[in-house]
Amino acid sequence: MDLVTRSQAGDVQAFEAIYRQHAARIYTLACRMAGSPEDGEDLLQEIFLQAYRKLGSFKGDAALGTWLYRLALNHCLDYVRSRQAKMSKLTDTLDADTSYQPVARRDTPIARLDLERALERLPDGCREAFVLHDVEGFDHKEVGKLLGIAEGTSKSQVFKARAKLRALLR
Amino acid sequence: MHPSETTIHDYVDDTLSAFDRAEVERHLSRCAECRALVDDLREIRRATRSLELREPPVRAWTRIERAIQLEQQERAARPRVSRAVWLGLAAAAVLVIAAAAGLSFQSRAGRNGATTQTAGSAMSGEATAQSIEAELRAAETHYENAIKGLEQIANAGKGTLDPQTAATLQKNLSVVDQAISESRAALRVEPTSEPAQQSLIDSFKTKMALLQDTVALINEMRKGNEAGAARIVSGLKPKG
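Residue numbers (this note's numbering), protein chains in the order written: chain Y, 2 to 171; chain S, 326 to 565.
Hints in this document: simulated from the structure, not taken from any laboratory. Note that the coordinates shown come from a computational prediction; the quantities given were computed from them, not determined experimentally. The C-beta atom is built at its ideal place from N, Cα and C for all residues, glycine as well. Some hints here could point you the wrong way.
[Stated by the list, open to error] Chain Y is faced by these chain S residues, among others (derived, beta-carbon under 8 Å):
(1) Ser375
(2) Glu380
(3) Ala385
(4) Ile393
[Unchecked claim] Listing some non-contacts, in silico: residues in chain Y with all C-beta distances to chain S over 10 Å:
(5) Val5
(6) Arg7
(7) Gln9
(8) Ala10
(9) Lys55
(10) Ser58
(11) Leu65
(12) Gly66
(13) Trp68
(14) His76
(15) Leu116
(16) Glu117
(17) Val136
(18) Glu143
(19) Gly149
(20) Lys156
Whenever a hint applies, use it, and build me the whole structure from the sequences.
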């Protein structure tokens, strides 16, 4: 029996093998969408619990990785939407700070760790659009649909994020 | 005149028409400021594409496994549960409560932070500060209860750890306890200090994560899973 069939039958060891194959991809997405490793870990747990519960509905039409990724993305988007609703006023205040400012030119390559840290410091709203567009590779139309915003808003949020990153990484 | 911000980003994304692209390139040939901007945006794009996957902490699977076991227990409604499993499940439940309390405190603090910046807010600054302090006290109590439960489990199973690992864990716990003491001292001086409040909550979270790692390690040792134990030990770098 394959891992999915065994997991569907309640074999936790088989599900652990599925977890080991896909956890890093999903944890990375969750950390970047949530903006912190702590929230990313909570999301990872919720996503895999949901996956375990819903595995019975997985028919194998898509690859398991694709099915898990869609589940994870939807869960992260729900989390982001609920947090944005709570924090909208604060975000508005932070957004005002993302206008273009002249920054000194950098002459060394950006280290991956510095970029990860800077991503965590991006304001909610533009971080998610940046992660979906520049990291995950969705186009602005898709990002707009996923985040429930206009395509043009997705563009301006991604541009804001890049400008903010430029200032943070100088 | 400089091209618009949008045009520069579109240029970097290679989504401009040939005509517009040539216009931007003409401008770049004589404008050092815009050239620097384009270079920086290209560097950010390069660095973004080189980002790597992040490995979740080892305790993440232990938490998921416990939660699955809890669900299976509920479904099967078995009358007898072993003491070890019960302790693990109780710890998981208490962690969920503590995490929820911490999250609730943080959300409230964030909302209140936003509220205080809004002119004409109905809530006075004093009432807001009292509310945040009350939330912090509630979160602190929940974390302390969660930590107490985990400490009981960790202390009961400490004999299964080798002395060097136990010493590393103890040293890390001492560093976190020191951070908790310092945050509390700062809060005594300035009860409304947001950095001190955040630092206290973060220190509680760190202590819980460390205790979770300890419990996970004890479980792996008891199961005789050397690879699993080694993965956890490799994450227990000395702090401080």
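Tested hints:
no., hint, result
1, Ser375, "6 Å, holds"
2, Glu380, "5 Å, holds"
3, Ala385, "6 Å, holds"
4, Ile393, "6 Å, holds"
5, Val5, "16 Å, holds"
6, Arg7, "14 Å, holds"
7, Gln9, "13 Å, holds"
8, Ala10, "12 Å, holds"
9, Lys55, "13 Å, holds"
10, Ser58, "16 Å, holds"
11, Leu65, "17 Å, holds"
12, Gly66, "13 Å, holds"
13, Trp68, "17 Å, holds"
14, His76, "14 Å, holds"
15, Leu116, "5 Å, violated"
16, Glu117, "7 Å, violated"
17, Val136, "6 Å, violated"
18, Glu143, "15 Å, holds"
19, Gly149, "21 Å, holds"
20, Lys156, "7 Å, violated"
Checked against the numbered hints above, the structure breaks hints 15, 16, 17 and 20 and satisfies the rest.
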